[in-house]
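Q: Using the sequences and the hints, build the whole thing.
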Amino acid sequence: MMKTGFIGVGHMGGAILKSYASSSAGKEDRILICDQNRQLAEKRQEEMPQLSMTDSIGGLVGASEVIIIGVKPQGMEPVLEQVAEKYRPTKLIISMAAGISIDYIRGFLGEDARVIRIMPNTPAMVGEAMIAVCRKEPVGGEDLELARRVLGPAGRTEGVEESLIDCVIGVSGSSPAYTYMYIEGLVHAAQANGMDREQARVFAAQAVLGAAKMVLQSPESLEQLRINVCSPGGTTIEAVHALQKNGFMDDIAEGFQAAVDRSIEMTKEKQKHD
5 MMKTGFIGVG
15 HMGGAILKSY
25 ASSSAGKEDR
35 ILICDQNRQL
45 AEKRQEEMPQ
55 LSMTDSIGGL
65 VGASEVIIIG
75 VKPQGMEPVL
85 EQVAEKYRPT
95 KLIISMAAGI
105 SIDYIRGFLG
115 EDARVIRIMP
125 NTPAMVGEAM
135 IAVCRKEPVG
145 GEDLELARRV
155 LGPAGRTEGV
165 EESLIDCVIG
175 VSGSSPAYTY
185 MYIEGLVHAA
195 QANGMDREQA
205 RVFAAQAVLG
215 AAKMVLQSPE
225 SLEQLRINVC
235 SPGGTTIEAV
245 HALQKNGFMD
255 DIAEGFQAAV
265 DRSIEMTKEK
275 QKHD
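Read the sequence shown against the numbering used here and you will find it ends at 278, with the numbers running on by one and no gaps.
Since the hints were derived computationally from the structure, they do not count as laboratory data. Just so you know, even glycine gets a beta-carbon here, dropped at the ideal spot from N, CA and C. Please note: incorrect hints may appear among the correct ones.
Quick list of in silico lysine-lysine cross-link-like pairs, DSS-like style, CA-CA up to 25 Å [to be verified]:
| no. | residue 1 | residue 2 |
| --- | --- | --- |
| 1 | K7 | K95 |
| 2 | K140 | K7 |
| 3 | K272 | K140 |
Using C-beta positions, here's what the derived DEER-type ranges look like [claimed, not checked]:
| no. | residue 1 | residue 2 | range |
| --- | --- | --- | --- |
| 4 | A257 | A29 | 36 to 42 Å |
| 5 | A196 | K140 | 48 to 54 Å |
| 6 | E50 | M253 | 45 to 51 Å |
A: Right, here's the structure in full:
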C-alpha cells in the first residue's frame, strides 16, 4: 500500500484524483487530500469515501510517500513553504503548476529533493489525458513508476525534457480548447444546414474521436491519412482546399505559438518576481 497526498483537489487535481482513486491501485492505497477550500475537499470525500481529509499541508506531507501539488502557480509559494516544513528526500513531489520549474521547487525543498513536473490536460476528467512527465536527477526509474501508478489512470504519460514543457503546453496542454473550437464550428455549420444541435455535437465529436484514434493506431503519416479520405473530385478534397485557401494550418500554428509564448512569459515573470 502506498500513501499518497493531494494538495489541491480542484479542476485538474480533482480529475487526476478521481481517476486514481477509482483505479485498482488507488483502491489499494491510502489517499489523503487537502484544499484551502474546505467545502471542495468535503465534496471530494463525499464522492470518494475512501479519502482521508486533512486541514494541514504539513500533516499530509508527513504522512505521504508521494505528494501531488495541484494548486495554481500564484499559490505555489505559500504551499511550498508549508511542504518544506515536513518534506524529506525520501518523498516524491509531483507538481502540475504552469511556469513553476523543478529548480524553483527545489529552492524551497532542497537540491536533493525528488521532484517530477507534469503538464496534464483537461481530458483527464474522462481518463484520456495527455500527461507530459519531466524529471531531473536524483529522480529515477522507481520514482517514475510511482508517478505512473498515480497518473496512469487519468490517461497517457510520456517523458519529455523540461526544456520542452512550453512546447507541450502548445501541443497538448492548451490544445483541447482549439479542438473544442473546431467541433463548435462543425456544429454551427451543421445547424445552418438543418441538423439538430445535439445530434450535430455527437456527429462532430465522434468524428474527431475516430480520427484521433486513427492517428494513434495507424502507421501511416498524417499526410497520407488525409489523402486517404480525399477522393479526386469528391466532397472532402473540396473542403480541404477551402481550409488551405483560408489559412487553416497557419491559424493553428499561430494559436499554438501564442500558448507557448505565454508559457515562457509566465516562467520569466515568476523568476523576475522571485
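Q: Does each hint hold? Answer for all of them.
A: Evaluated hints:
no.: 1; hint: K7 / K95; result: 10 Å, holds
no.: 2; hint: K140 / K7; result: 23 Å, holds
no.: 3; hint: K272 / K140; result: 20 Å, holds
no.: 4; hint: A257 / A29: 36 to 42 Å; result: 39 Å, holds
no.: 5; hint: A196 / K140: 48 to 54 Å; result: 52 Å, holds
no.: 6; hint: E50 / M253: 45 to 51 Å; result: 46 Å, holds
Comparing the model with each earlier hint shows no violations; every hint is respected.
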